[in-house]
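Order-wise, the sequence lines are chains A and B. Just so you know, we're using our numbering here: the first sequence kicks off at 1 and counts up by one. Just so you know, we're using our numbering here: the second sequence kicks off at 1 and counts up by one.
In case anyone wonders, no lab produced these hints; they're calculated from the structure. Some hints here could point you the wrong way.
To be verified - In silico lysine-lysine, DSBU-like type, Cα no more than 35 Å apart, as pairs:
| # | chain 1 | residue 1 | chain 2 | residue 2 |
| --- | --- | --- | --- | --- |
| 1 | A | Lys376 | B | Lys215 |
| 2 | A | Lys376 | B | Lys33 |
| 3 | B | Lys12 | A | Lys75 |
Computed from a prediction, not measured in an experiment: that's the story for all the values here.
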Amino acid sequence: MGNVILEMKNIIKEFPNVRALDNVNLQVEEGEIHALVGENGAGKSTLMNVLGGVYPYGTYEGDIVYNGEVCQFHKIKDSEEKGIVIIHQELALVPLMSIGENMFLGNEKGKKNAIDWNETYKDADKYLKMVGLTESSHVLIKDIGTGKQQLVEIAKALAKHAKLLILDEPTSSLNETDSRALLDLMLVFKKQGLTMIIITHKLNEVVYVADKITVIRDGTTVESFVNDGNVDEARIIKGMVGREITDRFPKRHDVAIGEVNLEVKDWSVDHPIYEGRKVVDNVNFNVKKGEVVGIYGLMGAGRTELSMSIFGQSYGANIKGKLLVKGKEVTLKSPKEAINAGIAYVTESRKVNGLVLTNSIKVNTTLAHMDAVSDKSIIDADKEYAVAVEYKEKLRTKTPTVEQNVGNLSGGNQQKVLLAKWMFANPDILILDEPTRGIDVGAKYEIYCIINDLVKEGKSVVMISSELPEVIGMSDRIYVMNEGKFITEMPASEATQENIMAAIIQSGKGE
Amino acid sequence: MKSVKFSEILKKYTMVIALVLVVIFFSVTTQGKILLPQNINNLISQNGYVFVLAAGMLLCILTGGNIDLACGSVVCFTGGIGAVMMAAGINCWLAVIVMLLIGAIVGAWQGFWIAYIKVPPFITTLAGMYAFRGLSNVVLQGYAVGVSNTTFLNVFGGGADCYIPDFLGGGSINMLCVVVGVIIAALIAITTFLSRAKAKKNGYTVAPIGGVIIKTVIICAVLVWLFYMLAQYKGIPTVLIWIALVLLVYNYITTNTRMGRYLYAVGSNEKATTLSGIDSRKPYFFAYVNMGLMAGLAGILTTARASGAQPTFGQGYEMDAIAACFIGGASAYGGEGSVFGVIIGAVLMGIINQGMSIMGIESNYQKVVKGLVLLISIIFDVMSNKKKS
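In isolation and in its complexed conformation, chain A is listed as follows (with noise of 0.2 Å):
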């Protein structure tokens, strides 16, 4: 170590009526992992474009030094020439394309007119070995998971003979299974001497993997520190929120938890596509007013294929169980029934499932709920207005007015957004998937206080989530979810991150 190899010195960039990066200054020594954090929409991400010539030179302020030459990318095939190679946090996979396909596209091997085939998969097999992956190259993308396309991903990196890897939320997608193979993979890369730089918002991934931390905070760089082993995740997130978050999940006080509101007995889901897949097995839990109810489980354990089924059959085939609202037995056919039964489901993936972003704020909030601002079939205006300036103010989102689109918000306001819609709803179960998924630790403190609110007026709160401090931190009770079924139930005074972990490993062991 020991060398600079990168150096962005005062970065400026303006985008129309914002400064997106203003006097940033980053420098990466050659051979280390070097973390960039910071809050949603400091500018983490922009500052990479900037490096990667996806905003080309000159519509930047400042200087990119790289091995000592000052560079201008004009696209991002001169930054890729260089060496410097980013890793976005959406996969840019053609899933009908095979891996190798993949790999080489855009930077076909062979003649211009004739892609040398038998190259191209000669060579993707060698990059698969080096990031792990058993798969033949010829394998379509599609057919393999997440967390293997995160790999094909770097092999595609590694092809183009990177010097300085870039990943922006490599393990957003992933779980921690797959996350920790993908930064140990990291720390091997490292002791080859790739140089890398990683975006994320996982804490405990930044203290495990880097080996110096660079904090940014509304577009300028507030500081940099070596990860000497005294840093921890309270460190880091002092430097990023500007003050010291001594709790990270507020307290609930007098809260009365009563009778039982929603109750799921002998619940079993198959695959809509593999008729006769289980994804969920016979799962029994209850929810009671003025909980909240931790699910915990990886990614795939089925706890949203789960919710959903729950949610007026919108998932799955061949589904049986009983549930029951307030001791009553329901059969809800439709999300329209499950919402008139007073249960509301908060989709993980607000920008797919949740909201409709070329639509405002406003006509979202009343979406679920139109019944209440509409005489009939005709809307009134000025109920609808009243309505979602009641819940911007309600749950302070930050927006100049209720008729800006959604796509223009944050991904915290976004959630807020979510939020209000179902809040409006007026439900008395809500199920909450993944609630804080990428949005920043002073929009999750947000989120934390809102949920508190919710059981405070009475209603029950199922919380599914893969972070386990937050499911921990904010459950009464807690179910640990693992292939499809529930393998235990404890109070939250009872757990901790290793006797849950323990747990789903013992269940692995039993099939």
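Dock chain B against chain A, hints included.
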């Protein structure tokens, strides 16, 4: 800050500005002939079907860029049935009701396959395009059938007397037409400012007063001018009333009703809409039933205007309607578009047609120009969206 606002206005009203430029262009090249009262009257009468069909088409496009290729054939089919009925001496109002009903049934037929069985709209309506063209021929037995019922012709904009009679007796100028124009303009101005005042009182964010005044003055001025022009010819053409009615109703549906809201929501994010407890099949069905109904109405207007029906009627009408929507800013991916945009799109197409006809440009070249205008307007749309993101 000011320059930003200017570019926003430019973007929002691109097509309006384009329309103004096109009008200026043709005023120069035709030595002002395009703005003669008779030509303005013709613009409305000749393009009545475009407004009506485009209003229906807008709903389909909102649901996700879906189009109805069959509506031209349906125009012919309903028109043919009406013409045959009236030729057989059946009461013209009964014929009108049957035509609308058949339009709606055809719409329901297509809507059922599209919404409930999930047959792709393009295929469903392509099938309809063939089938109903064939059925039109069957109904008309391959011949042109004339309509001589004067009530029908007068009410739906055909023959020589399809204008609202001037009972105010203005002599050389149609007084009634002028008065109606002024009243409508006044109503628009009053309601605009009343609703703005009300909104302000309730604490809503309102558009700056300057902009509202300018906009209202322009709209009112254009309306008064339009009616003054019409007054110098023969007065208010009856077809204008049908167009206005359709546009008002569909503007209301798209902006003020739950179904209108669902059309936009389904077109932007169907999954989220379904999970909000909305039956996402209903907006599709609704859109295509309405499209069918409008095809029925367009069939009535077309039959009246030509005083009869023939098997080739309505060919290419669907394309005119689709083009009007897209030129008027409807998104090809759905979820975006407005009735106001449709009006601008339809007028723009109409003026280009007419301007070139007056200039004596061969009809083949007219088609080339129309195609280019459509392409350019979409390019504009795509480019401006790109910049935004």
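To see whether the hints hold, each was checked on the structure:
For the hint pairing lysine 376 of chain A with lysine 215 of chain B, the CA-to-CA distance comes to about 32 Å; that is within 35 Å, so the pair holds. Between the alpha carbons of lysine 376 of chain A and lysine 33 of chain B the distance comes to roughly 50 Å, so the proposed pair goes past 35 Å and is violated. Taking the CA atoms of lysine 12 of chain B and lysine 75 of chain A, the gap is near 31 Å; set against the 35 Å cutoff, the hint holds.
Hint compliance for this structure: hint 2 alone is broken.
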